[in-house]
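*Asks:* Residue numbers (the working numbering): 28 to 68.
Quick caveat, the hints were computed from the structure, so don't treat them as lab data. Warning: the hint list may mix true and false statements.
Pair ranges (Cβ atoms, derived) [unchecked claim]:
1) Leu63 with Pro29: 28 to 34 Å
2) Leu58 with Val35: 33 to 39 Å
3) Ala31 with Leu60: 27 to 33 Å
4) Leu30 with Val65: 48 to 54 Å
5) Ser44 with Val65: 29 to 35 Å
6) Trp45 with Tyr66: 44 to 50 Å
7) Gln67 with Arg42: 50 to 56 Å
8) Ala51 with Ala31: 27 to 33 Å
9) Glu32 with Asn61: 42 to 48 Å
10) Pro29 with Thr64: 48 to 54 Å
11) Gln67 with Pro36: 27 to 33 Å
12) Leu37 with Leu59: 28 to 34 Å
13) Trp45 with Val65: 42 to 48 Å
Backbone N, C-alpha and C fix where the C-beta goes; we use that ideal spot for every residue, glycine too.
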Amino acid sequence: MPLAEIFVPLAALLRISWHMFFSARYRLYLLLLNELTVYQL
């Protein structure tokens, strides 16, 4: 069993989960900024 058969799907999965984590965190920051600007007005 070649190492690439294990590594390639694992890297793809890691990249997808990494992207989902950062996009969720980015959305959370946008939501917090939106709340802060609403409270300041």
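*Asks:* Confirm or reject each hint.
*Replies:* Here's how the hints hold up against the structure:
no., hint, verdict
1, Leu63 with Pro29: 28 to 34 Å, "violated (51 Å)"
2, Leu58 with Val35: 33 to 39 Å, "holds (35 Å)"
3, Ala31 with Leu60: 27 to 33 Å, "violated (42 Å)"
4, Leu30 with Val65: 48 to 54 Å, "holds (52 Å)"
5, Ser44 with Val65: 29 to 35 Å, "holds (32 Å)"
6, Trp45 with Tyr66: 44 to 50 Å, "violated (32 Å)"
7, Gln67 with Arg42: 50 to 56 Å, "violated (37 Å)"
8, Ala51 with Ala31: 27 to 33 Å, "holds (30 Å)"
9, Glu32 with Asn61: 42 to 48 Å, "holds (45 Å)"
10, Pro29 with Thr64: 48 to 54 Å, "holds (53 Å)"
11, Gln67 with Pro36: 27 to 33 Å, "violated (47 Å)"
12, Leu37 with Leu59: 28 to 34 Å, "holds (33 Å)"
13, Trp45 with Val65: 42 to 48 Å, "violated (31 Å)"
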